[in-house]
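S.K.: Chain by chain, the residues run as shown.
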Amino acid sequence: MSRGLVRGAAVAVLVSGLAACGGGQGGGQGDGQGGGSKELTFWMYQDRTPQAGQVMEKVRQDFEKANPGVTVKLVKIPKDDYNTKLGSAVASKSAPDAGILDQPLVSKYALDGTIKEVPAGLIDEADYYKGALDTNRAGGKLYGLPQDQTTVALFYNRKLVPTPPKTWDELQQAAARVHAADANVAGMNVPKGDGYGAWMFPGVVHGAGGQLVDDAGKKVLFDQPPAVEALQLWVDLLQSSPRKITDSDKPFENGLAAMTISGPWDVPTIREQFPDLDFGVAPLPYKSEPAGNIGGEDSVVFATGKNQDLAWKWLAFLSDAANNGAVADAFGGFPVHLKAQVVAGGPEQAAFLEQLKVAHARPAVPQWIQVNDEIIAPAIESALTGKATAQQALTDAAGKTRSLLGWNG
Amino acid sequence: MTAPVLERVAAGPGRRARRRPGPRRRDHLTGWLLIAPALAYFLVFLLYPALSALYYSFTDWNLRAEANWVGLANYADLLFDDVKYPHFWKSVSVTLQYTLIAVPLTLVSALVQALLLNAVRRGANLFRLLLFLPVVTAEAAVGAIWRWLYDPQYGLINTLLGLVGIPGQNWLNTPELVIPALAFIAAWQCGISMIIYLAGLKGVPATIQEAAVIDGAGPWQRFWRVTFPMLRPTTFYLLVTGVIAALQVFGLVYVIFSGNGRSVTGGPEQSGLTYVLHLYLFAFRYDAMGAACAMSFILLVFIMIVTALQFRFVRQEAA
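Chains A and B, in that order, give the protein sequences.
Residues in the first sequence are numbered consecutively from 1, following the numbering used here.
Residues in the second sequence are numbered consecutively from 1, following the numbering used here.
Looking at chain A on its own, in the form it has when it is part of the complex (with noise of 0.2 Å):
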């Protein structure tokens, strides 16, 4: 072999190598443009499981075959990588026509301008909940439709709380009781001032008739009464939940706290692992009006993409009457439309569902998620473990909010 061979057959793969990556990058764009046939792109997360991917094959077809010429390209991406993938995508301008949007960077995309709004005129807004549609408002403008929604509730044990509480006044009732029979049973695990427990916090605030941040995206309110107020309930219920006991792996699981807080998530898994805990699940208590909060898949219009109305066409097609109820089963929630077919579940799913009617969006605020986990979680923090009162904590928080956010109102 001579050295001209070793030298042309390593040029050679290198060459090759190079026209392999330009190739992978190229493929799948060009097709579809011309002769009247159009391929849309969506971006999904990947199947949960067989059968709903099933399903979004066969919402695929359908759509297909209402729209002749339109093909639909699902690109399916592993939930933990999509949020990072989608992000590269957008900044180097290879964004798809529509993919699914988590629900605190809908504001985040709107911002940048990189995602469209809605056209008017393309869904009515009152098929829709409100709270999940308000998921997708960003400056009082409307981003994106939601796909499917889900929400946290009350878990009780049966056998420790017969009746699930409906108030404020009935939940510290019935963790006191638990307590006082048993030493060794917390009342209730109480959220913490974690990320988590940040994200549920505006649910409890909304039962007291306040909110975080005012409708326009203007006032930090969470330094009001009702805010205060349900900070304190956490930290009175505190004195019949030790966190001694809450702390320990699995407390409601294992029968060591009489309530917690959680979603439709964890019905299936304590079912399997615990089929012995009899317990129910109700909408959260409140203090003077029912609410909770929400979370769920959003879906956008990138606005890289050439099939804009199409795009539009697609994702109202996904969340409407007939198709959405499947659709969020397959997303793993709840459907969005309000005339959509829920896919029956267990006997727990009416009290999601009545919690969802009235679900609250978390504010439409572009570094929400910051606030949450910074600000908020920690001042929680601060005053259930009573190194700060609920007022003093939130007061404070209030304070760095509106300096982080610029506002001054």
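Any given hint might turn out to be false.
[Claimed, not checked] Covered stretches of chain B (chain A as the covering partner; in silico rule of three or more C-beta atoms under 8 Å from a C-beta of chain A):
1) 53-64
2) 78-86
3) 149-155
4) 278-285
[Unchecked claim] Simulated pairs of lysine to any residue, SDA-like, Cα-Cα distance not exceeding 20 Å:
5) A:Lys-250 / B:Ser-258
6) A:Lys-85 / B:Ser-52
7) A:Lys-58 / A:Ala-321
8) A:Lys-159 / A:Lys-250
9) A:Lys-250 / B:Gln-153
10) A:Lys-116 / B:Glu-66
11) A:Lys-400 / B:Lys-202
12) B:Lys-84 / A:Asp-124
13) A:Lys-93 / B:Tyr-56
14) A:Lys-313 / A:Gly-121
15) A:Lys-357 / A:Asp-124
16) B:Lys-90 / A:Thr-385
17) A:Lys-79 / A:Trp-265
18) A:Lys-159 / A:Gln-273
19) A:Lys-93 / B:Ala-67
20) A:Lys-244 / B:Gln-153
21) B:Lys-84 / B:Trp-69
22) B:Lys-202 / B:Gln-153
23) B:Lys-90 / A:Ala-388
[To be verified] Some chain A residues judged to face chain B by a derived CB distance under 8 Å, without partners named:
24) Pro-50
25) Gly-87
26) Ser-88
27) Ala-91
28) Ser-94
29) Lys-108
30) Gln-370
31) Asp-373
32) Glu-374
33) Glu-381
34) Lys-400
35) Leu-404
Note that these hints are calculated values from the structure, not bench results.
None of the values given here were measured: they were computed from a predicted structure.
We treat Cβ as the ideally placed atom computed from N, Cα and C, and that holds for glycine.
Please build the complex by placing chain B on the supplied structure of chain A, with the hints as guidance.
M.R.: Chain B alone, transformed into the frame defined by chain A:
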């Protein structure tokens, strides 16, 4: 194809010397081609990302929109603006405390394990395997197991403490106890340091030990006056690499505090918010990639200073 290529290279210079002692440009080309894969890897996956990160540290990049040049604002805000970055200094302090506790604890635990292994006559392989196991166990499993061990209700640690009359603690939920609890896990995972110490121990000449015995030195004196000084280069190496690793601790805190699918905000009252966890949150949760890049360069400079100080002030030669 590899073998002939290697033969060719090995045989090359001799034959060429006979045939054509002239310019060597063609050989340079072959050389470059041979190192091309490694060089390409270095340029594409190490140097280019590092330089881009340096560039982005001077921008407000959020991973999506155009990055705008902001000069030194990220660095200044991180260091001085506690409205924008309320927990930056907290994360520095958490990381320093962790390093100060975890590194000595790891070194002691590794050395003790290595001495024991060195003394064992039978079953050394089995013990070595068992002591090394924590290193090769998946981090997620380590996190789950230690959450159970530290459990305030059923935890084995509290049970053991109870036997000697110490009241049980709520380890991972008491701010003051979080760092010691994490450092203890790190010390348990000291297998790699242990293997390096073991290699160091094998390198201590038996003749010196024997001479010490003849001079009447007891086991304790032999350890402090012979073995330990002879291990000084090993200890120095482990100290330097251990400090660098501890300053970058991430996986452990992430798995310990991310149980039940919760968002990670760094444990009770941010007591477990280590520097790199804080950096990670800004990069991937709060969409502030520019600030996160700046944090990584602040860390880089800090690590370089700490390492230089260690080279300057810690004795490294065997004596």
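S.K.: Looking back at the hints listed earlier, which ones does the structure fail to meet?
M.R.: Failing hints, ascending: 11, 12, 22, 24, 28.
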